[in-house]
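Colleague: The primary structure of each chain is shown beneath.
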Amino acid sequence: MTQGMRIGVVTFPGSLDDRDAARAVRIAGGEAVALWHGDADLHGVDAVILPGGFSYGDYLRCGAIARFAPVMEPLIDAANGGLPVLGICNGFQVLCESHLLPGALVRNDHLHFICRDQQIRIESTTTAWTSSYAAGQEIVIPLKNGEGGYVADSATLDQLEGDGRVVARYVGINPNGSRRDIAGISNARGNVVGLMPHPEHAVESLTGPTTDGLAFFTSVLAGMVNA
Amino acid sequence: MARVVIDVMLKPEILDPQGKAVEGALSRLGLAAVTSVRQGKTFTLELAGDVDDTTLAQLHTLAATLLSNPVIEDYVIREVTA
Numbered sequence: 001m002t003q004g005m006r007i008g009v010v011t012f013p014g015s016l017d018d019r020d021a022a023r024a025v026r027i028a029g030g031e032a033v034a035l036w037h038g039d040a041d042l043h044g045v046d047a048v049i050l051p052g053g054f055s056y057g058d059y060l061r062c063g064a065i066a067r068f069a070p071v072m073e074p075l076i077d078a079a080n081g082g083l084p085v086l087g088i089c090n091g092f093q094v095l096c097e098s099h100l101l102p103g104a105l106v107r108n109d110h111l112h113f114i115c116r117d118q119q120i121r122i123e124s125t126t127t128a129w130t131s132s133y134a135a136g137q138e139i140v141i142p143l144k145n146g147e148g149g150y151v152a153d154s155a156t157l158d159q160l161e162g163d164g165r166v167v168a169r170y171v172g173i174n175p176n177g178s179r180r181d182i183a184g185i186s187n188a189r190g191n192v193v194g195l196m197p198h199p200e201h202a203v204e205s206l207t208g209p210t211t212d213g214l215a216f217f218t219s220v221l222a223g224m225v226n227a
Numbered sequence: 001m002a003r004v005v006i007d008v009m010l011k012p013e014i015l016d017p018q019g020k021a022v023e024g025a026l027s028r029l030g031l032a033a034v035t036s037v038r039q040g041k042t043f044t045l046e047l048a049g050d051v052d053d054t055t056l057a058q059l060h061t062l063a064a065t066l067l068s069n070p071v072i073e074d075y076v077i078r079e080v081t082a
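Respectively, the protein sequence lines represent chains A and B. Note that the working numbering has the first sequence beginning at 1, numbered continuously upward. Note that the working numbering has the second sequence beginning at 1, numbered continuously upward.
To be clear, the hints were calculated from the coordinates, so they are not data collected in a lab. Possibly wrong hints are sitting among the right ones.
No more than 30 Å apart at the CA atoms, straight line, and that leaves these computed lysine-lysine pairs for DSS-like [what the hints assert, rightly or not]:
(1) A/Lys-144 to B/Lys-41
(2) A/Lys-144 to B/Lys-11
(3) B/Lys-41 to B/Lys-20
(4) B/Lys-41 to B/Lys-11
(5) A/Lys-144 to B/Lys-20
Sample of chain A residues with no beta-carbon within 12 Å of chain B, all distances over it, derived [stated by the list, open to error]:
(6) Arg-107
(7) Asn-187
(8) Met-224
Ideal Cβ placement from N, Cα and C applies to all residues, glycine included.
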């Protein structure tokens, strides 16, 4: 039913979760298309994933240099036009640096890199990437970051909460000092989602703590079928 | 030839855990009089030619888009020397 849905996965210098993201797309039933940071166009894909990793070595600020990569120019235009885009971890940082999402991600408040299986609650199921979850559903997926503290001014945080744009919140512990326990947010239209934890690492029982992450990828594929 | 020095600092309301860590180390070294440390970045740019108004405007654009993230940071063009 999702045959022929093509989801691009961008590889920047220093990306490291691009392979897992592509694998998650295939397991969800889509076709993964490798996009290169130097590409001038998006090869006609139906959605794009910006994967985790350390693009450009996290130099300057996480995601700051990737934001000016050639592929980002058509991507920003397409995202503003409604193309579903998911930024995971470093991808979330790139989306914030690109101003496709508000706020920024800063050094974890405890200064340590953190790697753990993290419980999060899906707060919004109206985005392109979370429609297959139940509202309020709690899931466990891996989290691994050094600069995962989500910050924005109070007015922006109030607006995100008021508009239902907080996509996921940390449950149990707040692992990185994110304001209001925010683990993921969306743009106003709901096609662009940034998420700090890694759903692509929780798509099969052999390698993941759960398969809870798979629904991010089936959501976008289902959305394309219905569109 | 001109040299331009640009400082970038986290906004005062943004927690600076690195500065906090340095602050803790300083007090352990006996510098009890230090009450706060904030850590920032300095960029030194060497330019061919002089810095005219057009170049200065471009430098501000560069500082506000690439060198700093205005959501969390402030920048200041501290020094322009010919």
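Colleague: Now tell me, hint by hint, if it's right for this structure.
Modeller: Verification of the supplied hints:
A distance of roughly 26 Å separates the Cα atoms of A/Lys-144 and B/Lys-41; the hinted pair therefore holds under the 30 Å criterion. For a cut-off of 30 Å, the pair hint linking A/Lys-144 to B/Lys-11 stands: about 26 Å separates their Cα positions. Distance restraint check for B/Lys-41 and B/Lys-20: the Cα-Cα separation of roughly 16 Å lies within the 30 Å cut-off, and the hinted pair is therefore satisfied. The straight-line distance between the Cα atoms of B/Lys-41 and B/Lys-11 is roughly 13 Å, inside the 30 Å bound, and the hint therefore holds.
Distance restraint check for A/Lys-144 and B/Lys-20: the Cα-Cα separation of roughly 22 Å lies within the 30 Å cut-off, and the hinted pair is therefore satisfied. Listed as outside the interface, A/Arg-107 is inconsistent with that label: its C-beta sits roughly 5 Å from the nearest C-beta of chain B, within the 12 Å cut-off. Once the 12 Å rule is applied to beta carbons, A/Asn-187 is consistent with being away from chain B; the minimum gap is 15 Å. Here A/Met-224 stays apart from chain B, with its beta-carbon at least about 32 Å from theirs, past the 12 Å limit.
Hint compliance for this structure: hint 6 alone is broken.
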